[in-house]
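Asks: If you're matching them up, the sequences are chains A and B in order.
Number 186 in this note's numbering belongs to position 144 of the first sequence; there are no gaps in the numbering.
Number 160 in this note's numbering belongs to position 118 of the second sequence; there are no gaps in the numbering.
To be clear, the hints were calculated from the coordinates, so they are not data collected in a lab.
A couple of the hints might just be wrong.
As the list makes no split between identical chains, a pair holds if one copy fits it or if it spans any two.
[Said to hold, decoys possible] Calculated cross-link-like contacts (lysine-lysine; reagent style DSSO-like; alpha-carbon spacing at most 30 angstroms): (1) K206 - K66; (2) K211 - K84; (3) K66 - K222; (4) K211 - K184; (5) K175 - K192; (6) K84 - K177; (7) K77 - K184.
This one's a predicted model, so the numbers in the text were calculated from it and none came from an experiment.
Residues per chain are reported as follows:
Protein chains: 2
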Amino acid sequence: MPITADQVKQLREMTGAGMMECKKALADTAGDFEKAVDALRKSGAAKAEKRAGRTAQEGRVDSYIHPGNRVGVLIEVNCETDFVARTDEFGDLVRNIAMQVAAAGAEFVRREEVPAERVARERDVLAGSDELKGKPAVILDKIITGKLDKFFSEVCLLEQPYIKDDKRKVSDIVQDAASKTGENIVVRRFMRFRLGQD
Amino acid sequence: MPITADQVKQLREMTGAGMMECKKALADTAGDFEKAVDALRKSGAAKAEKRAGRTAQEGRVDSYIHPGNRVGVLIEVNCETDFVARTDEFGDLVRNIAMQVAAAGAEFVRREEVPAERVARERDVLAGSDELKGKPAVILDKIITGKLDKFFSEVCLLEQPYIKDDKRKVSDIVQDAASKTGENIVVRRFMRFRLGQD
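Working from the sequences, and respecting the hints, build out all of it.
Replies: Following this line, the structure appears as structure tokens:
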């Protein structure tokens, strides 16, 4: 299998090893990155495992700790340039979203991140609820879809009503900032800790 | 299967449903908590899925964001009473540990949390390294154990040298605070975000 220049470059970024060493390691392992990293480490060419998956995104990592220190949120929001990342407006956006997560307790950024089995379980509970017993199948399906939408709007940050203006969704606030800055803005990830809870 | 009062109590805490409803749900599902929660939700007795696993621990959730907003850490440290949690000393301890994670980039709190396959991979890389080739088995084992200890001291927060005094380990600093306050102090969890990295 031919090794491409891109693969060599990526392995160099991951390991810090020289170009020829990376090329050889990839050739020896038929292009398997994990094995190539291990081979470089064995030969001493790579000092330690570096994390893969670098991206060139800019943005900010920020946090919001609720007074009393029982709830806290860490968040990363990406934009395209360091210039925008440094503006007060972008900083305010990130801080407001972190506060939203602290207050409203989203579990996921977006709908696509909710595990399929979680959705299946939710659907099962809805379908079996006393409230919906005896409804005709045609109506049932519509009701369940509507209730699932409600579920997503509770657990997915971007679909939640914005705490500072509940007529709008969090995704609208992000879109506003994107329009204003002319950059693509993406809420990448967040983590919420509540004292004593999983 | 007999349902214990403890099980009923736990289900009540998880769902907010009434005692008799919880007892019945557990009896109907032969003590399966997940199924019992779903049953209570279906009958409308439990409004929404509450998170299980509550503990009575006190402490603080806090964060440290490195200037420039490219690295941030969220942390939870537990103690036994709210009284200690509110002291400046405890607050300083938590903040210092968060700063340690930001600066030294631990991946786990303690050795026991490192996945077995990660340790196995590390051991394999060490055993196959050029440096150790041809060493007798008896010596090899000792060297590998020593090198694994070094690996743990890099990736496990509590085993890292403390950034503000590298003659001491982070666990020593936690132990000092425990002695001073007379309470058990536990670093429960942390999360570190680095901009643009997984």
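Asks: Please go over all the hints and tell whether each is borne out by the structure.
Replies: Now the hints, each set against the structure:
In the homo-oligomer, the alpha carbons of K206 and K66 never lie at most 30 angstroms apart, since the shortest distance is 56 angstroms inside one protomer and 42 angstroms across protomers. Taking identical chains as interchangeable, the C-alpha atoms of K211 and K84 lie at most 30 angstroms apart only when they sit on different chains, with a minimum of 29 angstroms there against 51 angstroms within one chain. For the identical chains of this complex, K66 and K222 are neighbours neither inside a copy (48 angstroms) nor across copies (56 angstroms), given an alpha-carbon limit of 30 angstroms. Proximity of K211 to K184 under the C-alpha cut-off of 30 angstroms is restricted to the intra-copy arrangement: shortest distance 23 angstroms within a copy versus 59 angstroms between copies.
For a Cα distance limit of 30 angstroms, the shortest separation of K175 from K192 inside one copy, 19 angstroms, qualifies, whereas the shortest one across copies, 61 angstroms, does not. Proximity of K84 and K177 under a CA criterion of 30 angstroms is satisfied inter-copy only: 15 angstroms between copies versus 65 angstroms inside one chain copy. Within a single copy, K77 and K184 get their C-alpha atoms only as close as 50 angstroms, which misses the 30 angstroms cut-off; across copies the closest is 25 angstroms, which meets it.
In this structure, the hints that do not hold are numbers 1, 3, in rising order.
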